[in-house]
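Asker: I would like the entire structure built from these sequences, with the hints used as guidance.
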Amino acid sequence: MFKVKLRIALRANKSWWLSPVLIAIAIIFTFIISSAMIRWAGANPFAAFKYLLGSPLQSKFGITEAILSATPLVLTGGAVALAFRAGYWNIGAEGQLLAGAICATFVGLHADGIPHWLGIILMVIAGALGGMLWAFVPALLRSRLGIDEVVTTLLLNPVALLVVTGLLNGPWRNPKTKFPETQVLSENVFFPRVYPGSRIHLGLIIGIVALAICWWVVGRTAGGLKMRAVGLAPGAARIAGLKVEKTLFTTALASGAIAGIAGAGEVAGVAHQLTDGISPGFGYTGVVVATLAALSFPAVLLISFVLGIINVGSFSASRALSIPSTIGEVVQAVLLTTVVSALVFMKYRIVLDKGKHRD
Amino acid sequence: MIETLIGIIGATLRISTPLVFASLGEVITERAGMLNLSIEGTMYTGAFVGITVAAQTGSLTTGLIAAIIAGAIVGCIMGFLVITLGVNQHVAGLGLTLLLISASNTANRILFTNKDGMVRVDPWKPFDFAGPIFSQYWLTYAAFLILAPALWWLLWRSGIGIRIRAVGENPESADVAGISVARTRYFALALGGALMAAGGAFITLAFLGSFTINIINGRGWVAIALVIFGRWGIWRTVSGALLFALVSATQQQLRLVPALSDLPFEILLALPYLAVIAGLAITGRNVPYPGAYLKPYRRL
Amino acid sequence: MSTADAVTGYSVAASAVSLNGLRKIYGDVVAVENVDLEVRAGEIHALLGENGAGKTTLMRLLYGLTKPDAGSISIDGATVSITSPKIARAAGIGMVTQHFSLVKTMTVTENLALQDAGFFSLDLAGARRKLLALCEEIGLEIDPDARIDSLPVAMQQRVEILKALAGGCKVLILDEPTAVLGPQDVDSLLDVIRRLRDTIGLSVILITHKMHEISQVADRVSVLRRGEIVATENASGMSIASLTALMVEGVQQEIVETGERSSQGTSVLAIKDLTVHLRGHDVISELSLEVRRGEIVGIAGVSGNGQSELVQALSGVFVHQTGEIHVDGKLVKGGSPSAFAEAGFGRLGEDRHASAVSALTVEENLILDRLHFFSKPGILLKRKIRKFAEESITNFAIKAKPDQAIGTLSGGNMQKVLLARLFGERPLAAVVSQPTRGLDVVSTRYVRQLLMVERNTGVGILLVSEDLDEILELSDRILVIFKGKIVGEVARKDFDRIAIGAMMAGV
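Chains E, G and P are the protein sequences, given in the same order. Going by my numbering, the first sequence opens with residue 1, and the numbers climb by one from there. Going by my numbering, the second sequence opens with residue 360, and the numbers climb by one from there. Going by my numbering, the third sequence opens with residue 660, and the numbers climb by one from there.
In short, the hints are calculated from the structure, not lab data. Misleading hints may appear alongside valid ones.
[Claimed, not checked] Where chain G lies over chain P, by a calculated footprint (3+ residues, C-beta under 8 Å): (1) 761 to 772; (2) 776 to 786.
[As the list claims (entries may be wrong)] Some chain P residues close to chain G (C-beta under 10 Å, calculated; not the full set): (3) 743; (4) 745; (5) 1045.
A virtual CB, placed ideally from N, CA and C, is assigned to each residue, including glycine.
Answerer: Listed below in structure tokens is the structure:
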């Protein structure tokens, strides 16, 4: 009897076309899987994808809104990519972003009478400090006691949101509207718009600069080399005399700081106040961005923009086809899953075993 | 005072129930050597599927069964990603969580957009006759009196249990002993997913009688912490769930204390999460992770 | 597969296993060639040979872990095609290797019950009964409820044997069983093996390269050399000297003279009374040695006599480690690789894959242990690194580009990178462990030449290798290690393979 069996084996040599082909396959799968949901919502999948991906690119407004939507993702994606590079599983960018937003709001509420440039600098510093603070405890527990950072960073995310709502329901409640939101911050801390006629703000520049710094640090400095070595092979790094725990700790704080700046950017650049909806999951999407970017910083920029388009497009699709706008999140999550699945085949290939087995 | 105490105990049992389901599901999964970060999404799915099916069929039991089936399916999808393909477990789990939450929210809007936006069912009635402590949903009894002992038996006294522990500890040996590592791990993920979804369904079917956005709110992450706290044992994990629930129940009662009414209740709400982190910091050092934790197994 | 090429040289009635004309080739290396071996029922058959003689390959063939290129295996007279361990076990063959296949967190009983558990059914009580009955029959004592990781290694090994027996094994392969044991446990294991033969009539294939074990327990012995069986004899008739001669005879005997040898330098590495306590006994006890400037001191010994621990102790990693280590006359304090590095001491570990970050580039791996030297202030000095990498690549004849991931390199080139990293630091002294293990002929020769060159520039090198030829070729002096102690010192002019082999065997 002949048995044909599929088996997964190591791939010996990689061709240049492999990764684009795999990603294309992943995109096709994403389309098929998402289409099921779109159809169920009662819309034509082709029409829906035309809105999701196409409509933001058809107008200047659409493009700038997509860039605006990508701005926090540039920072959270960069933060997550940095941590993952060192093998530190920081899944707490959401909480770190919120902590950064809180600290930035504090500055913004007390910034009357300071110069605008100082206000902006203080906002960035406050955001970074907030994020670092939120990253501190998991980093300490990991590097000193070896406690899994995945759980602790995740658990601190809802806590950060509770701190936000606690402040909004308590001391920071808007005295005029009585809504759980802060009053509008001092104009001295607003991030300036950087492209006339759009809402794109300084946060984008900061994000790009942050990515560039990360890219440079990781690729060109001794500390970055340590991070990469620790992330790739902690055992060998230790043999070479590197201080693995110290590297993890430093990276975790840096990652938190970057995520915190994303929070400051949302407060100072978009909302101009703190609300409990300041982040619709930018921190978690940061994980999606970093993973889709294969932890490459230039790619983080590109992927952020793509996800920004989907974010904006999902609202157009929702309006035009009356399907839920959350379809955009579904597409993003499906894309993540299919891409990571497809990229497995960078390393492995499927072989057909035609073995003769006699029963 | 006594009434407060009784109230706290009753609430503790109630609050701990979904966590017992979910964390025991994670125990089974991690015992097989895998971290299942899709737990939050699986609970979310269970909560949504449970109430939706219950509302459509008018039967809470059918809803629960549907949730359990959905959870097992999710477990198998996770299995396809991490066992068959060998995707990084952190990424696969988190990706699935994001996917399941957004898909549930979308489905919720698709299904109920034309109605009042929220489906309601009459939740299971507790056994009121026995006084407030014993006035629990039957699922609570099931969790402590049936599920936990049954899983203990499964893990320590059954063939599949010993295989789960073997593939989680030393898949190479298990393989040499003729055990299918992949099949055993699939089973663990499916069973674990079913339990997580049941835990989620408890929240909609027994607690609230309705589904809301963000209904799980980090309970899945808490469950993972409880597993570490419980050192992958059934009873220690159940105790951890009870401890967490006790903190939650106490803070609920504290919110009623007039002297503390000025305190933002969010501080109290955050208390259980912080307690879990503190608990991990105290007990989580040098815990014996399963030997093959996070390690994919592939015979090449 | 029914028509067997059942050619049997001699077939005695009670043959348990016979291997007929087995051949296995890996690439262009012949691992075993035309092997005929017959193991009788109820005998202890020792299989003797040096490292690389093909013992392990032979047993992997018998246990279904690899397929023969030619030849056949018959069990109880019938030819069997053994394609997996499962089939081997069903045919009554059991194997205990140095890497135990026990689940450490489970109890003894559970490990036994694991083999024949159904979907739900798990017969713990039955497994326990079976275990106790077996123990009684053989005369062993084991706590059936003890967790494996709470048992000493010797006990774990017994559990491993019992597990094989419980699975219905008639022929038990023991792959260098004493390599993992402390001295006092060796005798009792040999006693157990004897009892297994006498009580339940088990056939045992004992793979070893320790002569005294053969004289203690074996009924017959086969000697394997370069993949071929060169002799099968009754053990009682063989002296240790004749076995040694059979094992090493004709294997490269010449000792090449390379470079001028004068070891009158100052002491660069001195170990004083080093004791390492591990696994319940002293794996190294009160070991002292000295390496002078510009000499290579070879540590010869049968594997498992404390060599790996000695190498590891030279980075101070053991908790239960006493004694002093001096580098260049100064006591090294602080048990970390970096403390030794700062003292001017380098180390080449036995496993190169654990020492290199495979996804990083060659140049990054080259500088990983002294980043401060190649960065200013914290910024990597690309040009300096590239220059250093290119120099290293030229000087060490590494076939690689500086920006190529080290994981894509061949074993030899990867080893050269690690050697370049080691000697690029200009250490005063270094320990080099298994420098040519798994390398091809050309790389091996290169690495050996390199060690000579470094020696001639004045580095004091402690060479630890399981390859006696390598030690004979390179060393200025040889220290023989046995059971964690230095039992002999031989100066180069007195090198004699047979004599050193005897010392290694503890004679």
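Asker: Does each hint fit the structure? Answer for all of them.
Answerer: Taking the hints in turn, this is what the structure says about them:
1. Proximity of the segment 761 to 772 of chain P to chain G, defined as three or more residues with a beta carbon under 8 Å from a beta carbon of that chain, is established by the 7 residues found.
2. Coverage of a stretch by a chain is defined here by at least three residues with a beta carbon nearer than 8 Å to that chain's beta carbons; for the segment 776 to 786 of chain P and chain G the count is 7, and the condition holds.
3. For residue 743 of chain P, the interface hint holds, the least distance from its beta-carbon to any beta-carbon of chain G being 9 Å, beneath 10 Å.
4. Because the closest C-beta pair between residue 745 of chain P and chain G is about 5 Å apart, less than 10 Å, the hint holds.
5. Taking 10 Å as the C-beta contact cut-off toward chain G, the hint placing residue 1045 of chain P at the interface is violated, the least distance being around 33 Å.
Hint check: a violation occurs at hint 5 only; the rest are consistent with the structure.
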